[in-house]
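From just these sequences and the hints, can you work out the full model?
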Amino acid sequence: MRRDMLKTAPWRNNELKSLQALQALNVLDSAPEPEFDALAHAAANVCQTPTALVTLVDIDRQWFKASVGFDGPPQTSRELSFCAHAVLADALFVVEDAAQDPRFCEHPLVVGAPHIRFYAGAPLILPDNVRIGTLCVIDSHPRRLDDAQRIALKRLAFAVVTALQGRAAVQRLRLLAAADQARDVQELVQNALSNVDGAMQRLFALAQVSSVPNLGDVATMMPFESPALRSEASTDAARPLVTPKSNAMHFCLTSIVALLGITLRLLQPEKRLSPIEQARLWTQLAADTRIAGGAAYRAALALADPSSGRS
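The opening residue of the sequence shown carries number 9 in my numbering; numbering runs sequentially from there.
Since the hints were derived computationally from the structure, they do not count as laboratory data. Keep in mind it's a predicted model, so treat the numbers as computed, not measured. A portion of the hints provided could be inaccurate.
Stated by the list, open to error - Distance windows between CB atoms, simulated:
{"#": "1", "residue 1": "A107", "residue 2": "E87", "range": "11 to 21 Å"}
{"#": "2", "residue 1": "R288", "residue 2": "E87", "range": "48 to 58 Å"}
{"#": "3", "residue 1": "P82", "residue 2": "N21", "range": "19 to 29 Å"}
{"#": "4", "residue 1": "G80", "residue 2": "I284", "range": "45 to 55 Å"}
{"#": "5", "residue 1": "A99", "residue 2": "I284", "range": "45 to 55 Å"}
{"#": "6", "residue 1": "T16", "residue 2": "D37", "range": "19 to 29 Å"}
{"#": "7", "residue 1": "K162", "residue 2": "P40", "range": "31 to 41 Å"}
All C-beta atoms, glycine included, are put in the ideal place defined by N, C-alpha and C.
Here it is in structure tokens:
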């Protein structure tokens, strides 16, 4: 199929604002980072697909901040991008069988490698409805997502946005006068996130998760930045649609969100702090980070091997 015949996606309604916001995040062409790797692993595991990508839609390309099960280049042309369509969606953009979809049946990535048949993407939406990319899952076989998987993918996309905002906050934090303290806390955050990513990869390699704790119990363990997040985790526990595997991924997700919320708090104190109050805040943030990272790591290991949590 000629490229001039492709059904390319239209521009975003606020295209210039979206591009400016993406540039302001200073994330394009950056090195891999554990929080994004963990979220991509979670998406692939929850949706039971071989491939998951965190994509950012630039002016003429989509660039992959994180990927699972994808050995291609770190970016592709925007005009060939499924994500350029998904970024416009209000919720999920799902193609259950691209070979049967008139928009994509002759797409070069469908008729040729990597032979995409299934695609589901959740838009990454910043405040003011600024859309910068997607969290997507891909398979070479037709399939459907159940309701629990749809819920999980949307919440994971929210976590990606939180991760991007937290990353930008840390970059700004490094410019502050308390640079030494900032580096100390950031090192703790990165170490904790690396633990989460390692546990997530172990979970991703499992064929089955045989025992999963109740997510409502997890909500009381984690130092969430927002009471709304704690409430949302408890609400998820009561949903009959949540399967053991998606419940496990929700658990790891809330750990990641808690850690990234810590970095945002560093730049958003409720009032101007005295040096003593500032030192107290840094100490508390460091303690919160250790708790969040340790709980996430231990819980993920328990999910991978239920016997590991018993003594």
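How the hints compare with the structure:
no., hint, verdict
1, A107 - E87: 11 to 21 Å, "holds, 20 Å"
2, R288 - E87: 48 to 58 Å, "holds, 53 Å"
3, P82 - N21: 19 to 29 Å, "holds, 27 Å"
4, G80 - I284: 45 to 55 Å, "holds, 53 Å"
5, A99 - I284: 45 to 55 Å, "holds, 47 Å"
6, T16 - D37: 19 to 29 Å, "holds, 23 Å"
7, K162 - P40: 31 to 41 Å, "violated, 24 Å"
Violation of the numbered hints given earlier is confined to hint 7; every other hint is satisfied by the structure.
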